[in-house]
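Top to bottom, those sequences are chains Z and P.
Per numbering that gives the first Met the number 0, numbering through the first sequence is continuous, rising by one, with the last residue being 228.
Per numbering that gives the first Met the number 0, numbering through the second sequence is continuous, rising by one, with the last residue being 228.
The set of hints was computed from the structure by calculation and includes no laboratory data.
Even glycine gets a Cβ: it sits at the ideal position worked out from N, Cα and C.
Mixed in with the good hints, there may be bad ones.
Pulled a few chain P residues facing chain Z out of the computed Cβ check, cut under 7 angstroms [what the hints assert, rightly or not]:
hint	residue
1	52
2	54
3	55
4	58
5	59
6	63
7	64
8	68
9	75
10	154
11	155
12	185
13	188
14	199
15	202
16	205
Derived, one-sided and incomplete: chain P residues facing chain Z with beta-carbon distance under 7 angstroms [as the list claims (entries may be wrong)]:
hint	residue
17	71
18	72
19	76
20	164
21	166
22	181
There are 2 protein chains.
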Amino acid sequence: MNEHLPARAVAFDAYGTLFDVHSVRQLADTLFPGQGSALSQLWRTKQLEYTWLRALSDRYVDFWRVTEDALRYAANRLGLALDDADRTRLMDQYLRLLTFPEVGDVLRQLKGSGHGLAILSNGSPEMLEALCRHAGLDDLFDHVLSVDAVKTYKTDCRAYRLATHAFNLSPREMVFVSSNGWDVAAGAWFGFRTFWVNRTGLPHDELGVAPEAEGASLAELPAFLAPRH
Amino acid sequence: MNEHLPARAVAFDAYGTLFDVHSVRQLADTLFPGQGSALSQLWRTKQLEYTWLRALSDRYVDFWRVTEDALRYAANRLGLALDDADRTRLMDQYLRLLTFPEVGDVLRQLKGSGHGLAILSNGSPEMLEALCRHAGLDDLFDHVLSVDAVKTYKTDCRAYRLATHAFNLSPREMVFVSSNGWDVAAGAWFGFRTFWVNRTGLPHDELGVAPEAEGASLAELPAFLAPRH
Numbered sequence: 000m001n002e003h004l005p006a007r008a009v010a011f012d013a014y015g016t017l018f019d020v021h022s023v024r025q026l027a028d029t030l031f032p033g034q035g036s037a038l039s040q041l042w043r044t045k046q047l048e049y050t051w052l053r054a055l056s057d058r059y060v061d062f063w064r065v066t067e068d069a070l071r072y073a074a075n076r077l078g079l080a081l082d083d084a085d086r087t088r089l090m091d092q093y094l095r096l097l098t099f100p101e102v103g104d105v106l107r108q109l110k111g112s113g114h115g116l117a118i119l120s121n122g123s124p125e126m127l128e129a130l131c132r133h134a135g136l137d138d139l140f141d142h143v144l145s146v147d148a149v150k151t152y153k154t155d156c157r158a159y160r161l162a163t164h165a166f167n168l169s170p171r172e173m174v175f176v177s178s179n180g181w182d183v184a185a186g187a188w189f190g191f192r193t194f195w196v197n198r199t200g201l202p203h204d205e206l207g208v209a210p211e212a213e214g215a216s217l218a219e220l221p222a223f224l225a226p227r228h
Numbered sequence: 000m001n002e003h004l005p006a007r008a009v010a011f012d013a014y015g016t017l018f019d020v021h022s023v024r025q026l027a028d029t030l031f032p033g034q035g036s037a038l039s040q041l042w043r044t045k046q047l048e049y050t051w052l053r054a055l056s057d058r059y060v061d062f063w064r065v066t067e068d069a070l071r072y073a074a075n076r077l078g079l080a081l082d083d084a085d086r087t088r089l090m091d092q093y094l095r096l097l098t099f100p101e102v103g104d105v106l107r108q109l110k111g112s113g114h115g116l117a118i119l120s121n122g123s124p125e126m127l128e129a130l131c132r133h134a135g136l137d138d139l140f141d142h143v144l145s146v147d148a149v150k151t152y153k154t155d156c157r158a159y160r161l162a163t164h165a166f167n168l169s170p171r172e173m174v175f176v177s178s179n180g181w182d183v184a185a186g187a188w189f190g191f192r193t194f195w196v197n198r199t200g201l202p203h204d205e206l207g208v209a210p211e212a213e214g215a216s217l218a219e220l221p222a223f224l225a226p227r228h
């Protein structure tokens, strides 16, 4: 890794990378006992599928709407009677997800070492603002970037370009951090240096690119970013 | 439906619509007893995911490669030791899938009533040619259209446009038939009249468009296409 320029800025994916969607599963299981895991899994799968399809067909609607559409489908598919109140409660979880335990410390450490920090997410501006406020991270990021600015979704290169434009850096001067294998792969295609937060020990995606580094949490990121001696 | 022009041509999706991928599951279960269903399901999920990601990031490789990549990932993810011989056997299934029982009769009936017929598929030209030859359908289609001609995947509108260009028709003069809810939705976005082959009674996708008609098999398609009196 010594051949690389030191990374001047780091862009983080939000959902699953900084923010733990586990609380969605817990509430889902309270509402539909024994089905919480199936519901949250299918919800997430369809949420991503709908972002890809809408981006590819140029039919953008924002992530709040996509997330609600995906929830509706997942409940229908599983035969769960999801009333308006349940849907509202589940959707509201997306505004107050907790960060993973190491996130605050790691972000403060990177900020202390002079790195520019950004969120780069599919989430709508309102969703990301609510998340950051709820988690007390407002003052840590130089930029909170939503794909809504370009009305498409990852992995469209216009989404990733938001980060290089915000910092006025080339992709190789930045590190992109995501827990989503497909997101890390597309970030590498775009030209970012990449760090994969592989929290559950998944195999690499077979997309012809590998992350430059990976860790079981963000705790391993500062060492990766530190200049070598 | 009387307000529509009579459909002059019909474009069919291939995998799951005309051709049954069930034999893949059977072989997978022979190779990995008890895991065939999980393997074939994850294989298919990743295969589609990889087409969307590659199309969205403009990183096209053909469907044979995508299918093999997805198989490799699915086996890794499930912890299955997939050797070269197993992989070759599973991949070869994709060249000799059987048609669903009603397919031959329905296609011949539509051809007899003067409809133009096409396949419009993510499959590579070689894969589609092998499938049609194996199933004895060579002489029924006016066009066997592969997205390979435009180096992208559904749901990119350039994929659907292959069909309107081939017949020199507007989308509203054609019916697009697919068993994949997302494919039918994107076909409707493109402007096709759509018929959803909903073989397993799935709910509609929540993408803001509904198929014009649906049936549990292709058997209901000729009545839908017949001119009304």
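Do the hints match the structure? See the list:
1. 52: With Cβ-Cβ at 5 angstroms, under 7 angstroms, it holds.
2. 54: 6 angstroms, holds
3. 55: 5 angstroms, holds
4. 58: With Cβ-Cβ at 6 angstroms, under 7 angstroms, it holds.
5. 59: 12 angstroms, violated
6. 63: 13 angstroms, violated
7. 64: Given a least distance of 9 angstroms, the restraint on residue 64 of chain P is violated.
8. 68: 4 angstroms, holds
9. 75: Constraint on residue 75 of chain P satisfied, holds at 4 angstroms.
10. 154: At 5 angstroms from the nearest chain Z Cβ, residue 154 of chain P passes the 7 angstroms test, so the hint holds.
11. 155: The hint holds - residue 155 of chain P has a Cβ within 7 angstroms of chain Z, the shortest such distance being about 6 angstroms.
12. 185: Holds. Min distance 5 angstroms.
13. 188: 5 angstroms, holds
14. 199: 11 angstroms, violated
15. 202: Result: holds, 4 angstroms to nearest chain Z Cβ.
16. 205: 4 angstroms, holds
17. 71: Hint holds; residue 71 of chain P Cβ to chain Z Cβ min 5 angstroms, cut 7 angstroms.
18. 72: 5 angstroms, holds
19. 76: Check passed: Cβ of residue 76 of chain P comes within 6 angstroms of chain Z, closer than 7 angstroms.
20. 164: This interface hint is violated because 18 angstroms lies over the 7 angstroms limit.
21. 166: Violated: closest Cβ of chain Z sits about 21 angstroms from residue 166 of chain P, beyond 7 angstroms.
22. 181: With a closest approach of 5 angstroms, the residue 181 of chain P hint holds.
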